[in-house]
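Asks: Hey, can you piece these two chains together into the complex? The hints should help.
As given, the protein sequences belong to chains U and V, one line each in that order.
The numbering of the first sequence is numbering that gives the first Met the number 0, which starts it at 0 and goes up by one.
The numbering of the second sequence is numbering that gives the first Met the number 0, which starts it at 0 and goes up by one.
Worth flagging that the hints you see were computed from the coordinates, not collected in a lab.
Among the hints, erroneous ones may be present.
Unchecked claim - Distance condition first, Cα-Cα at most 20 Å in a straight line; then the derived DMTMM-like pairs of lysine to aspartate or glutamate:
1. Lys511(V) <-> Asp111(U)
2. Lys391(V) <-> Asp111(U)
3. Lys603(V) <-> Glu534(V)
4. Lys603(V) <-> Asp111(U)
5. Lys529(V) <-> Glu593(V)
6. Lys529(V) <-> Glu542(V)
7. Lys90(U) <-> Asp447(V)
8. Lys268(V) <-> Asp199(V)
9. Lys391(V) <-> Glu133(U)
What the hints assert, rightly or not - So these bits of chain U aren't anywhere near chain V, every CB distance computed over 10 Å:
10. Trp8
11. Gly9
12. Leu18
13. Leu48
14. Met66
15. Gly70
16. Met91
17. His96
18. His121
19. Ser128
20. Ala140
21. Leu160
22. Phe171
23. Lys172
24. His181
Every residue, glycine too, gets a C-beta built ideally from N, C-alpha and C.
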Amino acid sequence: MMLRVNGQWGRRLHLAIILLSIAGLSYLLWQGLKANPNYQPPLHKLKALPDFSLPNALCPEQLITPMAWQGQPALIHIWASWCQSCIAEHKMVQQIHQAYDWPIYGVVYQDDMQMVQQWLAHQGNPYQSLVADEQGSLVVALGTLATPEWLVLDAKGVIHLRHLGPLTEKKFKQQFLPLLQHLKQEHL
Amino acid sequence: MIWIPELGHLALIFSLYLSLFSCGLALAKNQLGLALAWKLVRSNIIGQAFFGILSFGVLLLAFAQDDFSVAYVAHNSTTELALIYKLCALWGGHEGSMLLWYLILCLWSLWFIVKAKASSVFNLNTAGVLALLGAGFSLFILKTSNPFTRLLPNIPINGADLNPLLQDPGFILHPPILYLGYVGFALPFAMALAYLLAPDNIQVLAQKMQSPVRWAWSFLTLGITLGSWWAYYELGWGGWWFWDPVENASLMPWLGGTALLHSVRAASKRAQFGNWLLFLALFCFSMSMLGTFLVRSGILTSVHAFAADPGRGRFILIFITLTVGAAFLLYGLRYQAMPWQLRLFSKEGLLVTLNTLLVVCVAIVLLGTLYPMFADAWFNQQLSVGPPYFNKVLIPIFLLLMMLMSFAPYIRWSQDSWQRFKRPLIYIGGSSVIFGGVSRWLLPWQLDALALFGLLVAAILILVTLYSLVKGLKKFFYGQRRFDTLAMHCGHLGISVLAVGIILTSALSVEKDVLLKPGEATVINGTTFKLEGLESTWGPNFEGVKANFSVQRANKAMIQLFPEKRFYMPREMPITETAIYANIFMDYYIALGEPVADNQWSVKICLKPFVRWLWLGGLMIALGGLIAALGTRWPTTQVIN
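One chain only, chain V, in its complex shape (with noise of 0.2 Å):
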C-alpha cells in the first residue's frame, strides 16, 4: 500500500515531538513535582522509542517489499538482492545509517529508564540530556536526510543496488554492534551532564555508570574487530587496518572509552577520580559525535564515505558544538578540585598515567585524521598523513602502556613500594636479557629490534597475565566470584595477543603479485601455488570468473582454494572476492586481479603469519568488558537526591 512508508516518516515526527517534550518536562520538574515528571518522562521516553523502533521497522518493510516509490530503497537495494541483505541494506547509506543511530539511541534510553526505577533528579536530568539528544538527532535526519523521501509518481522499476563492497556477512553485523558501542557512550555522558547539574556523591555516580561504560566499550570493541576483519578479507587489500578516517573516528572513542572504563572503577573507590570520571565521560562522547560528523559530512575522502552535502555537515557541526560546549562549560564551572596526596607509585598514580597516555593517544590520532582534512579545504590538495606518522608517534606509547598493564592490576591504592616488586622484576629483567641475546636462536624468523622488544613485552604481560588468570579461575571457582579481576585479566591478554599478532603479521608476512596462466605455478617461502584452472560463475546480480588454485605447503595436506572476480550488474562494479585458508599460525590469502592478457591473470598472493591473533584478542579484549558488564549490578541506592 502506497500509503505505508509516511507512517515511518509520521512515526519519527512523532518520536521527534515526544523527545522534545521529554526535555521541557525535565526542565519543568519543580512546578510539576518530582514524582509526577518522572512519570510522564518514563511514558515519553517509551513513547519515543515505539515511535523509533515503528519508524525503523516501516523502512525495512520498505526495503523487504522492494518499496522503490521509497527514493533511499531505490538508492541501495534491487529486486535481486537476497532477503538479508535488503533488509541490511537500511544501513548501506547515509540515511538509512543514521536511523539507525537514532534507533539505538532510542533503546539505550528506554534501557535507561527500564534500569532506573525511582524518580530522582539525578535520573529525572540524564532522560532529559538523552533526550535532547534524540531530538537532535531526529531533527537531523528530518531536516537533511530522510530516508522516507518518494519517488513519486514515476516509481523506478529496479533499484540502483546495494554497494556490491557491502554485500557480505560482515556488513549484517558491523555496523549495529559498532553504532551499539558509539551511541552508548551517550550514557555516561548524560549521566555525567545530570550530575554536574546537581551535583552529590561521586562515587554513586561512578557505580550508576558501570554498567552502560562497560556495555558500550564491549560493543565498541567488537564492532572495530569485526570491522577490521571485514576489511581484511572483502576489501581485497590484504591489510588489517588502514588509518582510515573512518577507523580513527572508531578508535578515538574507543581510546578515551578504555580511560573511561577504567577511571569509572577507579571513581567508584576513590572519589578523587571524580573529576577525570566527569571529564572522560563527556570527552568520549564527544569524540563519538565527532566521528559521526566526520563519516557523515562528507567532509573526508575513505572508503566510507557517503554522498557529501555541506548542508547536512553544517547542521550536525553547530548541533555538536553547542551540546559539547555547554557541557564542558558547565563541566569547568561545576567540577570540584579535591586535596589529593597522588604518588606516581601506587594505583591511582598508574591510573592517571594511563589516562593521561590515553588522552594523548586519542589527540594523536585526531591530529592525523584531521590534517589532510585541513589541507583539502583549503589548499584543495588530497594529502595524506598515512601510516608512518601513526606508527612512529603511537607505538612508543603503546608498548609504555603494555609494560605498565603487566604490573599495575598488582600495584596497590594509595602507596607501594618498588621493594615488594624487587624480585619479579630481576626474574623479568633477567630472563629478557637472557631471551633477547639468544632469541636469534631460538625464534625461527629474523626480527628487529623493536619488533623483537614488542614482543618481549608482550610475551611478559601474557605470562604475568595467564598466572593470574588462573588463580583468579580457581577462586572463581571456589565461590570468591569477582567478575571485575577475571574480566581485567581477560582483557588485558587480549591485548597482549593482539600485540602478539601486529608485531609479527607486520614483520613476517609477504606479499606478491604474479602474473599467472591457467597450469603455472610460483613458490613463495616453500609453498607452492598453482592456478589449476579458471571456470565462469554467476549469482543473481553478479557474474565473474572463479580460480582453482592448489596450495602445496611443505609436508602439508594440499589445500583447494577459490579466489574470484565479480562484477555485479546493477552498479557495473568489480569486486575482488578473495579466497582464504586460515589457522591459528597462518593465512594463506588469494586475491584475483585483473586478466593481463590472453587468459593470463594478475594474482596477489600472501602468506599472513599470526594474522588471526589480531582478531583472536580483539574478541578476548571484548568477552573481558562482557565478562565485567555482566557482573555488574545496577546499584539500588538512590543517594543522589
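With the rest of the complex left out, here is chain U (with noise of 0.2 Å):
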C-alpha cells in the first residue's frame, strides 16, 4: 500500500527531498523579502474570448455570452467580495466609470451573490453587466491566477492587456487609457 524506498539510496533521496525543500522554501521566503515592483505576467499572443453562457450575478434568470462584451473596447474585471483587495479597489473603479465612459464588465468569482448583490446596493454599481462565475470554469478558461485581475478588450472581444492585482490610477492614465483609445480608433 505504500511506496517504499529501501536501503542507502532511499535514505540519501529522502535527505535530499527535505532539504532541498528546506533550501526552496527559504529562497523563495528571501525573495519574498525583496520586491520586483515592476513584474506582470506576459500575454504573449493575443487572445479571444472563450465561449461561455453564465447568469447575471444582479439577476440569474439573464444569461450572458460573450457577444454581451463586444461592439467597443471595453475593461473586465475579475474580482470577489471575499477578496480584501477587491474590497479595497472598489472606489477606485467607481472613479474610473464616473470619469471615462468605457464600459466595464464585472466576473465575480466564487462568490455569494446574496453578499455581492448586497455590496453593490450598499457602494454603488459601476458595472455594465456583472457575470457570476460560481464555479469557476469562466475564470479558469479566461487563464486568471488570482484576484483582482483586469483584461482591456477590443471590440472583437480580443483580449490585448492583461493586469494581475489592483488597478492604480497612474497604471490606468498610462497604460490602459492610451490602448483603449488606440484600440477604438482602429476599430472605426
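Replies: Shown next as C-alpha cells:
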C-alpha cells in the first residue's frame, strides 16, 4: 500500500527531498523579502474570449454570453467580495466608471451572489453587466491566476492586456487609456 | 527612576549570555564530565529564565508607570488606558510580542530542567538545544527589535495608545495562551534533536515527549479557539475564521501537532513509529517558527501585521533556515528505518493514514498562505487566494478524517478484520441511508448534499463517541483510571461538535445590511429588529454612539441589544462594538455601520444558528488535551544513556 524506497539510496533520496524543500522555501521567502515592483505576466499573443454562458449576478434568470461584451473596447474586472484587495479597489472602479465612459464588465469569482448584490447596493454599481462565475469555469478559461485581475478587450472581444492585482490610477492613465483609445481608432 | 528600563535591557543581555554559555557547556560535556556539566547547565538555565522574567517584569513596570521614555511604551500605551490593558499592551506590538515569545521559551526550558532531574547525555543535549533557540531569539530581540529603546531626553507627554481593536478582554488571554502552545513545541523539537545526536531507545523518548506535546497542543487549541471567538465579536465582521495568513500560521503547527500527538502515543507502544515521531517533532516546531517569521517579518498583509522591517525578516529567516536545515540534515543522516509489516486495516495503518493526511493538509494551507506573498513580492500585486481554495481542497480531507475517527479508536493493533465491524457498519450504513432519505422531512432546514453528508458523518461520530465516552466514564469511576481513553473521546467529541457548528452556521446563517432610523424596524426570518433610539456614550479614551435595539422573536421574550460605534481619540480610529445575544442554538448579532443620512444608520444584522458550537467544540478538544496532559506522568526511567 505504500511506496517504499529502501536502503542507502532511499535514505539519500529522503534527505535530498527534505533539504531541497527547506532550501527552496528559504530561497523563495528570501526573495519575498525583496520586491520587484514591475513584474506583469506576459501576454504573448492576443487571445480571444472563451465561449461561455453564465447567469447575470444581479438577476440570475438572465444569461450572459461573450456577445454581450463586444461592440466597443471594454474593461473586464474579475473580483470577489471575499477578496480584500478587490473590496479596497472598489472606490477606484467607481472613479473610473464616473470619469470615463468605457464600459466595465465584471466577473464575480466563486462568491455568494447575495453578498455581492448587497455590497453593490450599498457601495454603488459601476458595472455595465456582471457575470456570476460560481464554479470558476470562466475564470479558469480566461487564464486568471488570482483576484483581482483586469483585462482590456477590443471591440471583437480579443484580450489585449492583462493586469494582475489592483489597478492604480497611474497605471490606468498610462497604459489602459492609450490602449483603449487606440483600439477604438482601429475599430472605426 | 530613569535607569530602571536599562535594567530590563541589561537583564535581557545577561539572559542571552547565559543561554550561550549553556550551549557551550552542553558541547563540552565530555571534557567537564556529565554530572558537572549538567549541574552548571541547570543553574545557567535557571539564571537565563530569571533574567528573562526580570526583563519582562521591567517592561511590564514601564507600562504600568506610563514610562514614555521607553519608545515601545510610548507607541503602544497612553495614560488614559485601563491598567489591565496597559499591562497587556506589552504584547500589543512587535517588540513586546517577541519578548513574550522569549519569556515563554524560558519558562518551558525551566519546566524541562525541573522535570528532568538526573544528568544524562539526552537531558544535557535537550537543554543545549533549548538554550540555542533561546540565544537565537534573544539575539533577534536585542539586535532588531529591542523593546527597551529610549526616547531621551525628549520624553513624550503621552503615548500613542494601544490599537483600539486590541482593547478587549480577548486580548488579555489569547496571545499568551497561543504562544504557550506555539513555543511549547520547542520541547519536542529539542528532545528529538537530542535523541538524534545520541540515539537510543525511541520508546522512552516517546514517553518523555508525551507530557510537553500534550500541554503545548492543548494550549495551542485553546489559543486558536479564543482567537476565533475574539475575531467573531470584536472585528465586527461576523466571521469566525478568515483564512488570514496569521490564522493559517497557527493552524499549521496545530495540524502538525495533532499528528504528533497521535504519533507520540503510538511510538510509545510501537517503536516503528519512531521516524514519524522524530519527523513530526521537528516539523511541528519548524511550522511554529515559520509562522513567527511570516507574522514578524511583515511579509504578509493581514489584520495581525505589525510594522514591516526587512532587517528583521532577514535575521529571523537565516536563523530559522540554519536551525531547521541542521535539524533535518541530522534527521536524514541518523534515522533508522525499521522493518515493518504495515497493514492498512490496523491501528498502525490508520495512524499512518492520519499522519499522511494531516501533513498533506499542512502543505495545502502552506501553499495557499504563501502564494499571495510570492505574487506580492514578484509581481508587486496584492492577490487573494481566499476561502474558496481552502474550503474546496480541505473539506473532503476533513470529512475523511472524521470518518476515520469514528472507527479508528476501536481497531486493534497489528491486524484486524473487517468481519468484526460488519454489524455496526451495516447498522450505521442502513440508518444513514434512511436518514438521508427522510432528512428532508426530519430536519427543519434546507441543506445541500455536501452539508447533509457532513452532518451525517458528524452525527455518526457523536453517537459512537458518546457511547464509548459513557462506557469509559463508568470504568473511570470504578477505578480503571484511563485518562488517555477519556481524553481521546472528549477530543473526538469536540471535533464532531465543531463540525456540526461549522456546517450549520455556514449553511444557515443569515446576514443583512439595512438602513434604519430610530423607530424603524426590520424583520429577518420572523424576528423583528427595532432600532428604539440612539444615545451618545464615552469612556476614558473614546466617545461614540450607542444604539438601543429591541429584538422580538416569535413566542419568546424580548431582548435588548446595545451595539456601539466608538471613536478612539489618540489614534483617531473608529471601532465597531458588536452586540450579541447568544444561546446554544442561535446568535443574534448586530453591528453598527456608518451614519448614512440624517439620523439614519447602516446596520449589519446576522442570525447565526449553532455558531456557539464552534467554540464549544474547540474547548472540548482543548479539554481532551488537558485531561491527557494531566494524566501523563513524567517517566522516571533514564534508559537513554
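Asks: Tell me, which hint numbers fail for this structure?
Replies: 6, 7, 11, 12, 18
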